[in-house]
Amino acid sequence: EPEVTQTPSHQVTQMGQEVILRCVPISNHLYFYWYRQILGQKVEFLVSFYNNEISEKSEIFDDQFSVERPDGSNFTLKIRSTKLEDSAMYFCASGPSGIETQYFGPGTRLLVL
Amino acid sequence: ILNVEQSPQSLHVQEGDSTNFTCSFPSSNFYALHWYRWETAKSPEALFVMTLNGDEKKKGRISATLNTKEGYSYLYIKGSQPEDSATYLCAFIGVGGGADGLTFGKGTHLIIQP
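Read top to bottom, the protein sequences are chains A and B. Take 7 as the starting number for the first sequence in my numbering and just add one per residue. Take 1054 as the starting number for the second sequence in my numbering and just add one per residue.
These are computed hints drawn from the structure, not numbers from a lab. Predicted, not measured: the structure shown is a model, and the values here were computed from it. For every residue, glycine included, the Cβ atom is placed at its ideal position computed from N, Cα and C. Certain hints may be false.
[Stated by the list, open to error] Derived BS3-like pairs: lysine-lysine, alpha-carbon spacing no greater than 25 Å straight-line:
1) B:K1110 x A:K89
2) A:K63 x B:K1159
3) B:K1112 x B:K1095
4) A:K89 x A:K63
5) B:K1122 x B:K1095
6) A:K84 x B:K1122
7) B:K1112 x B:K1131
8) A:K63 x A:K48
9) A:K48 x B:K1095
10) B:K1111 x B:K1159
11) B:K1159 x B:K1112
12) B:K1110 x B:K1122
13) B:K1159 x A:K48
14) B:K1131 x B:K1111
15) B:K1111 x B:K1122
[Said to hold, decoys possible] Residues from chain B that keep clear of chain A, each with C-beta distances beyond 12 Å, as calculated:
16) K1095
17) N1106
18) E1136
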């Protein structure tokens, strides 16, 4: 069964450094999402991406964040200058349409020191 | 700010017993409600997408109901098994739908005791 994959599974970085989190969505899906979960808190929506552009973004998704679909398969989240509070589990998801099930990857645990 | 609440936060159930828990969400501007099952160190797994008031969906021993007028959904597990131990998340999408992100509750952490 097709699945969403994410790399790396864990990343440790220094405050102020740039990180790129990578995702390979399910191949025939059209909608792509990033979410994060800070330890002990709810899973929070960051951004959705459709037709090669951002469709919606939350208040969390400020100028330090960007997303890209550089080729036909990868979907990336870049955090330009990481802060301590960016430490979280980051999930990528994809879906065939905007209303149907979103399929989640296993997450990347980011730790900013 | 959308508020999606789940109760209880955690639940211990004896193997073989049935159980249920609640998700409450804004009753206005409803578009869809999703239920996910999330085991530690795995991807959240989709259970149901519910859109219509009165919807009832079933997958094996797990079922869910939806009341959009009063803003709640119940998830039921019949004859709990140890493999049902997981965190169950509900997530709301408001009108606008499309590529909107999901607004999640905090989850109900279910532990099945043998």
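Hint check results:
no. : hint              : in the structure
1   : B:K1110 x A:K89   : violated, 42 Å
2   : A:K63 x B:K1159   : holds, 20 Å
3   : B:K1112 x B:K1095 : holds, 20 Å
4   : A:K89 x A:K63     : holds, 19 Å
5   : B:K1122 x B:K1095 : violated, 34 Å
6   : A:K84 x B:K1122   : violated, 40 Å
7   : B:K1112 x B:K1131 : holds, 11 Å
8   : A:K63 x A:K48     : holds, 17 Å
9   : A:K48 x B:K1095   : holds, 17 Å
10  : B:K1111 x B:K1159 : holds, 23 Å
11  : B:K1159 x B:K1112 : holds, 22 Å
12  : B:K1110 x B:K1122 : holds, 18 Å
13  : B:K1159 x A:K48   : holds, 5 Å
14  : B:K1131 x B:K1111 : holds, 11 Å
15  : B:K1111 x B:K1122 : holds, 21 Å
16  : K1095             : violated, 6 Å
17  : N1106             : holds, 16 Å
18  : E1136             : holds, 18 Å
The structure shown violates the earlier hints numbered 1, 5, 6, 16.
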